[in-house]
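Colleague: My numbering puts the sequence shown at residues 1 to 245.
Read the hints as simulated data drawn from the structure, not as lab findings.
Beta carbons are placed, not taken as given, at the ideal position from N, Cα and C, and that holds for glycine.
Take the hints with a grain of salt, since some may be wrong.
Distance windows between CB atoms, simulated [claimed, not checked]:
1) LYS54 x GLY96: 18 to 28 angstroms
2) ARG201 x ILE167: 45 to 55 angstroms
3) LEU92 x TYR162: 34 to 44 angstroms
4) THR152 x LYS223: 15 to 25 angstroms
5) PHE173 x ILE87: 48 to 58 angstroms
6) PHE173 x PRO97: 22 to 32 angstroms
7) LYS199 x LEU238: 30 to 40 angstroms
8) LYS26 x SER95: 16 to 26 angstroms
9) LEU110 x ARG201: 42 to 52 angstroms
10) SER224 x SER95: 47 to 57 angstroms
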Amino acid sequence: MEKRCLKSLTVGDKIKIIDEVKKGVKRKKDIASEFGIPASTLSTILKYKNKILKAIEEAPYLPRRKRFKASSFPEIEHAMTEWMKQIRDYNLPLSGPLIQEKAAEFVKDLGLTFQASSGWLEKFKSRNGIVEKIISGENAAVSEVDCEHYRTNVLPSLLKEYDSNDIFNADEFGLFFKCTPDRIMTFKGDSCHGGKKSKERVTVMVGANMTGTEKLKLLVIRKSKQPRCFKKKNVVSLPVTYAYN
């Protein structure tokens with residue numbers, strides 16, 4: 001006897017089947033034949049149609065998938081997806097740790113016993129089609145209105161559980177240490193020619209806490225492991241943290 005080949009339907013196919021049955025134009029037998037499935041499979045799809053429709057409403061990416069598994073904590077899943085949609089609408093950056101931290105807040109508010117572990121994060125991302133992308137170009141720029149909303153509505157809720165002394169901010173900049181001044185002093189009538197500017201630079205990161213009571217040690221990054229200017233001095237003894245790449 002020839003082995004029967006089972007067809008694996010995507011969630012999108014199941015939505016189409018539900019729609020065809022709802023229209024009432026074709027017989028269920030004909031719809032099953034059209035999609036290459038037995039009548040029993042069609043019956044199962046219709047049995048769980050509410051579950052399928054709800055899943056596709058909460059996660060529009062699902063039509064491309066063949067299977068999906070519901071979360072064991074639907075309250076957290078719903079709260080997190082709605083929160084992420086709000087953050088996305090304002091084009092604000094999101095990271096894995098921030099998602100876990102927000103999930104922990106919802107767990108506390110809902111009185112659930114649940115840990116937003118790294119494993120949960122990966123499954124949550126998989127269920128909801130969440131991927132990491134690099135923001136680049138002016139199209140990803142955040143408007144002043146969005147920044148103001150973040151500053152007045154989002155940021156305070158993130159900061160309220162931390163002491164001001166424990167909240168730090170850091171930034172980096174390029175230091176061109178061999179550049180000559182843009183202006184020079186000279187006599188009237190003398191010609192002034194522009195020279196080639198040096199591109200010798202180091203990257204410096206500075207940081208301090210919100211109250212300004214604690215300043216982080218400067219991080220200086222350059223290309224060489226042991227710069228020539230420090231050939232007789234160990235870079236570890238410098239008043240900065242030195243690194244190279």
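Colleague: Look at each hint and say if it fits the structure.
Modeller: Hint check results:
1. LYS54 x GLY96: 18 to 28 angstroms: holds (26 angstroms)
2. ARG201 x ILE167: 45 to 55 angstroms: Given a distance of about 30 angstroms, which is not inside 45 to 55 angstroms, the answer is violated.
3. LEU92 x TYR162: 34 to 44 angstroms: Hint violated: Cβ distance 19 angstroms, outside 34 to 44 angstroms.
4. THR152 x LYS223: 15 to 25 angstroms: violated (42 angstroms)
5. PHE173 x ILE87: 48 to 58 angstroms: violated (28 angstroms)
6. PHE173 x PRO97: 22 to 32 angstroms: With a Cβ separation near 25 angstroms, PHE173 and PRO97 satisfy 22 to 32 angstroms, so the hint holds.
7. LYS199 x LEU238: 30 to 40 angstroms: Between LYS199 and LEU238, where Cβ atoms are some 23 angstroms apart, the hint is violated.
8. LYS26 x SER95: 16 to 26 angstroms: violated (48 angstroms)
9. LEU110 x ARG201: 42 to 52 angstroms: holds (50 angstroms)
10. SER224 x SER95: 47 to 57 angstroms: Cβ of SER224 to Cβ of SER95: about 32 angstroms, so the range 47 to 57 angstroms is violated.
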